[in-house]
Amino acid sequence: MKIRFCLNGKNLEIETRPDRRVVDLMREDLGLTGTKESCGSGECGSCTILVDGQARLSCIMLAAQLEGRSVTTIEGISGEEGLHPLQEAFIAHGAVQCGYCTPGMVLTSLALLGRKPCPTRKEIREAISGNLCRCTGYQKIVDAVKTFASERKVYQR
Amino acid sequence: MRRVFLANNTNELWDMLRQYPEAAIYAGGTDLLVRMRKGICDPSALICLERMDCLKGVREEGDQIFIGACTSHTALLADPIVQRSFPVLAAAISRLGSPHIRNMGTIGGNIVTASPAGDTLPPLYILGAAVEIMSMDKTRRLSLADFIRGPGHTDLKPGEILAGVWIKKDQPYNIFSLEKVGQRKALAISIASLAALLRVSGEGIIEEARLAWGSVGPTVTVSKEAESFLAGKRPEPGALGEAARIAMDAVSPIDDVRASKSYRRLVSGNLVLRLGASVDGNSPQPAWLPPAD
Numbered sequence: 001m002k003i004r005f006c007l008n009g010k011n012l013e014i015e016t017r018p019d020r021r022v023v024d025l026m027r028e029d030l031g032l033t034g035t036k037e038s039c040g041s042g043e044c045g046s047c048t049i050l051v052d053g054q055a056r057l058s059c060i061m062l063a064a065q066l067e068g069r070s071v072t073t074i075e076g077i078s079g080e081e082g083l084h085p086l087q088e089a090f091i092a093h094g095a096v097q098c099g100y101c102t103p104g105m106v107l108t109s110l111a112l113l114g115r116k117p118c119p120t121r122k123e124i125r126e127a128i129s130g131n132l133c134r135c136t137g138y139q140k141i142v143d144a145v146k147t148f149a150s151e152r153k154v155y156q157r
Numbered sequence: 158m159r160r161v162f163l164a165n166n167t168n169e170l171w172d173m174l175r176q177y178p179e180a181a182i183y184a185g186g187t188d189l190l191v192r193m194r195k196g197i198c199d200p201s202a203l204i205c206l207e208r209m210d211c212l213k214g215v216r217e218e219g220d221q222i223f224i225g226a227c228t229s230h231t232a233l234l235a236d237p238i239v240q241r242s243f244p245v246l247a248a249a250i251s252r253l254g255s256p257h258i259r260n261m262g263t264i265g266g267n268i269v270t271a272s273p274a275g276d277t278l279p280p281l282y283i284l285g286a287a288v289e290i291m292s293m294d295k296t297r298r299l300s301l302a303d304f305i306r307g308p309g310h311t312d313l314k315p316g317e318i319l320a321g322v323w324i325k326k327d328q329p330y331n332i333f334s335l336e337k338v339g340q341r342k343a344l345a346i347s348i349a350s351l352a353a354l355l356r357v358s359g360e361g362i363i364e365e366a367r368l369a370w371g372s373v374g375p376t377v378t379v380s381k382e383a384e385s386f387l388a389g390k391r392p393e394p395g396a397l398g399e400a401a402r403i404a405m406d407a408v409s410p411i412d413d414v415r416a417s418k419s420y421r422r423l424v425s426g427n428l429v430l431r432l433g434a435s436v437d438g439n440s441p442q443p444a445w446l447p448p449a450d
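From first to last, the protein sequence lines are chains A and B.
Heads up: the first sequence at position 16 corresponds to 16 in our numbering, and the numbers run straight through without jumps.
Heads up: the second sequence at position 68 corresponds to 225 in our numbering, and the numbers run straight through without jumps.
You may find that some hints are simply not true.
[As the list claims (entries may be wrong)] Quick list of in silico lysine to any residue cross-link-like pairs, SDA-like style, CA-CA up to 20 Å:
#1 A:Lys122 x B:Lys213
#2 A:Lys116 x B:Ser251
#3 A:Lys116 x B:Pro237
#4 A:Lys122 x B:Leu234
#5 A:Lys122 x B:Ala247
#6 B:Lys213 x A:Asp52
Derived from the structure by calculation, the hints contain no laboratory data.
Please model the complete structure; the sequences and the hints are all you need to start from.
Next up, the structure:
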């Protein structure tokens, strides 16, 4: 079936199976491998994408559900001028170790910052509680989001 | 190829169900799509209800509150009526899955999945919730306790969907408690849980108690015996200890990958002991607290 949706700011029409998992559509059909798959059952947050600005799990969403939606993947947040300032903050704080959880962490944090520009550490921890990091890097991730939020002008270009 | 239909309204839904009566119905997909992936089920067609706006939201009707089945957990947590009138339900939802799961999953899905560990079920039981079931030509209402038949089984018949839940707005309780024991705080399937509502008099006497345990039986466990034992008593260690003993007899847990039968039985009793702390306004805090800002 034909599915029309907005992907990273560009309108897209794609022919796919309606029951194709969104994570497979992104990674295999569209080549957007920044979206990771780990558990495949909604328990780890690696496959997080933003759908109409809300963090969702692409491993438990089917292609048909994207019709008319606006989707942001990790590839969509950086521009030609470079990484998103939140990504820069992750780097500055050493919040990336193996990197596998990072796209999900960044997108989930961006969704939080969208509805709460200055979250507390507790709110950040709660927001990313569905994103597992097995390098135990949570502390630095929280530091990165917190610093980004409080010093946003420093990162703004 | 498995067909997937997005119903926008009931007319579309009934048309789809007429054409594909064997279709599996889902809203958030957080349970069904996981079961499909694991090969536990393989429906030939799917009907997704996530765009059924008529089944979303919380509204007041007389002395009742109606919660649409397709309301996401995140929307419920943000809803002022739910926060004010049903804090025990809000507390359970805040511990359900993860933020992502709560963005996707719906209260109706949690109910029809009928998992013994379903997080919204114990609070809905003690709130006396009734479900509204809709088919093309009629709607019917029955108590949640009658609707849930067993693990994964409900009274839903072919051609029917869950439209929502009715809960009486004014609940005669002034204390609530919600305890969920899992292996971690987020993304944990409960090992044992207890939802409780108490009416405690100014003199500190429990006038009425409603208790429901999750994950320690094929469906939610209630104990009229423990509830009536607590009525007229102070929430002190002696009385709570006896109620805990009654609870340990009432539950029927199993051994599984998450915990043993005996551990679940013990925890079911111990959670009753914590009711004293809820009454004192000193709900137990997690041992570890994130650094203050």
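Here's how the hints hold up against the structure:
1. Between A:Lys122 and B:Lys213 the CA atoms are separated by roughly 29 Å; this puts the pair beyond 20 Å, and the hint is violated.
2. This hinted pair checks out: A:Lys116 and B:Ser251 have alpha carbons roughly 18 Å apart, not beyond 20 Å.
3. The hinted pair formed by A:Lys116 and B:Pro237 meets the criterion: a straight-line CA distance of about 18 Å does not exceed 20 Å.
4. A hinted pair counts as satisfied when its Cα atoms are at most 20 Å apart, and A:Lys122 with B:Leu234 qualifies at roughly 17 Å.
5. Restraint check for A:Lys122 and B:Ala247: satisfied, since their Cα atoms lie roughly 18 Å apart, inside the 20 Å limit.
6. Taking the CA atoms of B:Lys213 and A:Asp52, the gap is about 17 Å. The hint holds against a cut of 20 Å.
Violated hint for the displayed structure: number 1, the only one.
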